[in-house]
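Protein chains: 2
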Amino acid sequence: MHLLRSSLKNFNKSKNILIVLDGVGGIPNKYKTELEFAKTPNLNKLIKKSETGCHIPIKEGITPGSGSAHLALFGYDPLDFNIGRGVLEALGLDIDIGSKDLAIRGNFASVEYKNKKLIVTDRRAGRIITEENNRIVKKLSQNIKIIDKYKIFFKSGLEHRFVCKISSPNKISKDECNIQDTDPQIVGQSPLDPINLNKKSLQTSIIIKKLLDKIKNVLKQEKNANFALLRGFSSYPTIPTFDNLYGIKSASVTTYPMYKGIGRLVGMEPLPLNTNSLQGQITAIKANINNYDFFYLHIKKTDSYGEDGNFKEKVKEIEKFDKLLPQLINLNFNVVAITGDHSTPSRMKSHSWHPVPVLIRSDNSYNGLSKRFTESECLKGSLGIFEAKHLLTYIFAHAGNLDKFGA
Amino acid sequence: MHLLRSSLKNFNKSKNILIVLDGVGGIPNKYKTELEFAKTPNLNKLIKKSETGCHIPIKEGITPGSGSAHLALFGYDPLDFNIGRGVLEALGLDIDIGSKDLAIRGNFASVEYKNKKLIVTDRRAGRIITEENNRIVKKLSQNIKIIDKYKIFFKSGLEHRFVCKISSPNKISKDECNIQDTDPQIVGQSPLDPINLNKKSLQTSIIIKKLLDKIKNVLKQEKNANFALLRGFSSYPTIPTFDNLYGIKSASVTTYPMYKGIGRLVGMEPLPLNTNSLQGQITAIKANINNYDFFYLHIKKTDSYGEDGNFKEKVKEIEKFDKLLPQLINLNFNVVAITGDHSTPSRMKSHSWHPVPVLIRSDNSYNGLSKRFTESECLKGSLGIFEAKHLLTYIFAHAGNLDKFGA
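As given, the protein sequences belong to chains A and B, one line each in that order.
The opening residue of the first sequence carries number 1 in the working numbering; numbering runs sequentially from there.
The opening residue of the second sequence carries number 1 in the working numbering; numbering runs sequentially from there.
It should be emphasised that the hints constitute simulated quantities derived from the structure, not laboratory data.
Among the hints, a few may not be true.
Identical copies carry no separate label here, and so any pair may be met within one copy or between two of them.
[To be verified] 30 Å max Cα-Cα, derived DSBU-like pairs, lysine-lysine: (1) Lys249 x Lys371; (2) Lys117 x Lys171; (3) Lys380 x Lys349; (4) Lys49 x Lys199; (5) Lys116 x Lys59; (6) Lys323 x Lys223; (7) Lys349 x Lys49.
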């Protein structure tokens with residue numbers, strides 16, 4: 001998909017913005033979805049000039065993670081390109097990852113010996129507070145710096161979460177990171193061994209085994225966080241950037257590091273924010289409007305409240321966005337596209353596979369088919385239901401940035 | 001796609017017609033599209049018995065050229081089959097192209113020497129009139145007939161345009177025509193060399209170089225058109241014909257040579273017309289109704305007026321078609337399919353990616369879902385939005401000409 005699009009590129013001076021309301025799609029809670037319930041006068045106005053439809057993030061019935069869903073929105077086939085969970089977490093903590101690095105998600109956990117067997121008693125070490133996490137990570141960092149020729153780096157996340165980066169002397173490929181998670185997923189069980197799931201990952205598994213022994217030793221005096229469970233072993237993915245593919249300058253405008261990281265993977269420069277709020281994000285876009293061709297604006301909280309099952313607060317987040325929307329519209333983008341990366345129905349308290357409404361406002365929009373930016377109204381639009389990986393083609397088409405295909 | 005369809009073929013004595021209103025799809029001009037604005041009592045009547053949907057010519061967001069869009073309507077994957085621009089122009093001028101031929105689009109141009117460098121001063125030679133073009137082409141034809149063992153043939157297009165056909169002693173493949181365009185695209189630059197972009201095209205590039213030297217020599221006394229810029233070097237594409245794939249006899253009924261040419265590529269015999277009008281086309285179909293299994297009727301002007309941004313005249317062309325439609329219906333085809341090859345919204349004055357309405361009338365139609373043959377009404381149909389390459393499968397299915405797939 002990205003190669004066909006790239007082969008037709010013909011960029012004039014257009015300014016485009018992709019606004020992602022994370023997890024905005026829903027299913028009716030009794031009678032209405034969050035988008036239907038929300039009062040959105042500005043979206044209602046915008047949609048009159050917009051082409052509409054719904055996207056499915058990956059494939060019919062497939063619920064996406066944030067990384068895959070975003071890669072699709074950025075125009076890559078999410079089945080061909082995959083970001084490992086460890087790398088995604090590392091990006092989320094603003095850790096620099098390169099082609100020689102292996103990234104791992106860690107949980108601090110409580111363990112004890114029962115009948116001479118090491119047993120997990122709390123997979124989150126009693127959800128220790130972040131300050132406590134910082135102290136422990138400092139301890140680990142001071143005591144574990146190198147294993148054989150592999151450099152070890154730790155960074156705290158929130159509560160019990162952390163990331164470990166292992167820097168190899170050489171490039172490390174996806175095939176060398178095929179390691180079993182050590183989290184047994186339930187308490188009362190032993191931590192699993194970091195078994196290599198293919199031959200090429202043998203050396204990696206040896207290093208991880210040594211790492212776990214060292215972690216256990218350094219943390220043995222800790223009351224709660226006296227061990228770590230490791231998951232999502234992954235290497236840096238190779239993804240052609242927006243600049244390489246289309247020759248355009250793109251910026252990400254995000255409040256959560258992870259989304260900044262995903263943007264960076266595809267070549268988006270993160271804009272600095274004065275305040276970590278939607279207003280701060282909009283102000284950053286205004287300040288940089290002449291410096292970039294493409295902006296990616298990410299709004300997180302719609303997803304968070306969906307995950308919490310909090311219908312009312314998700315509605316409020318949508319309404320907050322709607323209130324500030326005119327500031328974005330007034331920047332006179334050639335194309336404004338608004339969608340979510342996936343649905344997070346508060347009724348389900350989780351990501352889902354349900355189609356996500358899409359709006360594209362440009363001078364070339366087939367407008368008038370949807371009355372509101374809601375799931376049911378966008379399903380009436382001329383874009384129909386389409387795979388998310390095509391959205392970027394539509395955006396570039398609307399901007400007049402693609403040549404005709406064929407003679 | 002065409003191979004699956006071919007593998008299931010089971011043709012009885014059905015008569016099918018595919019009617020292509022070129023560029024008929026639109027987007028609302030204020031409130032209505034051209035199809036919505038047009039008064040179409042006969043289409044309104046026909047759609048009551050029709051299955052409906054919308055096709056996208058190539059892929060989501062991709063705007064097609066005429067050649068690719070037609071290949072898709074004829075059931076080929078347009079990403080696998082591509083007609084070179086030179087061949088398309090040649091077909092448009094009614095030039096016979098075969099497997100030993102290389103076709104080139106040419107522009108007469110004005111050049112002059114500045115500091116001993118040849119510089120393009122007008123890429124269109126001041127848009128010379130067609131009569132002037134005819135005179136120059138005659139001069140070229142008299143002076144350049146053969147280069148090494150390659151026969152050279154010129155034919156005038158409109159204004160500054162012409163086509164050059166080079167007939168090789170042997171078959172010439174796509175890989176032997178990978179030659180850089182010599183048009184620098186802007187004035188003040190030198191014409192580019194016809195560099196071979198791969199090894200296999202070396203011999204071709206040598207002939208083209210000699211050809212350009214001869215053209216320069218023959219035209220050196222001309223005031224305006226004293227050189228030529230060449231583009232779209234292409235060989236005859238290899239496409240399995242309708243006859244080969246399905247064992248049916250097919251006819252094209254077109255008023256523009258290019259569409260006759262595209263039809264010929266897939267094995268359609270062009271019907272001779274007494275008058276170059278839609279009535280003339282219909283009369284030709286009536287006269288040949290017993291001689292063919294499949295008719296392709298092409299109506300050009302809907303696209304032309306779309307390209308001109310002339311909403312009103314595009315509407316009139318649709319209404320003209322509607323008026324004559326009953327004559328076609330009365331021929332009792334088993335299947336009547338009506339669509340466009342792509343959209344040409346008069347609001348955009350160009351081809352676009354927007355979905356194109358489709359109607360299929362047969363005894364097996366899922367009818368009753370669309371009230372009119374318009375974009376918005378056809379979006380409600382049971383065919384949904386589908387890639388154009390599938391249309392022919394639907395037509396054959398409706399005609400009862402395909403076996404079940406699998407046991």
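Outcome of the hint check:
1. Lys249 x Lys371: neither (34 Å within a copy, 46 Å between copies)
2. Lys117 x Lys171: neither (37 Å within a copy, 50 Å between copies)
3. Lys380 x Lys349: both (26 Å within a copy, 25 Å between copies)
4. Lys49 x Lys199: Neither: 56 Å inside a copy, 51 Å across copies.
5. Lys116 x Lys59: neither (47 Å within a copy, 61 Å between copies)
6. Lys323 x Lys223: neither (48 Å within a copy, 64 Å between copies)
7. Lys349 x Lys49: between (33 Å within a copy, 19 Å between copies)
Checked against the numbered hints listed earlier, the structure breaks hints 1, 2, 4, 5, 6; every other hint is satisfied.
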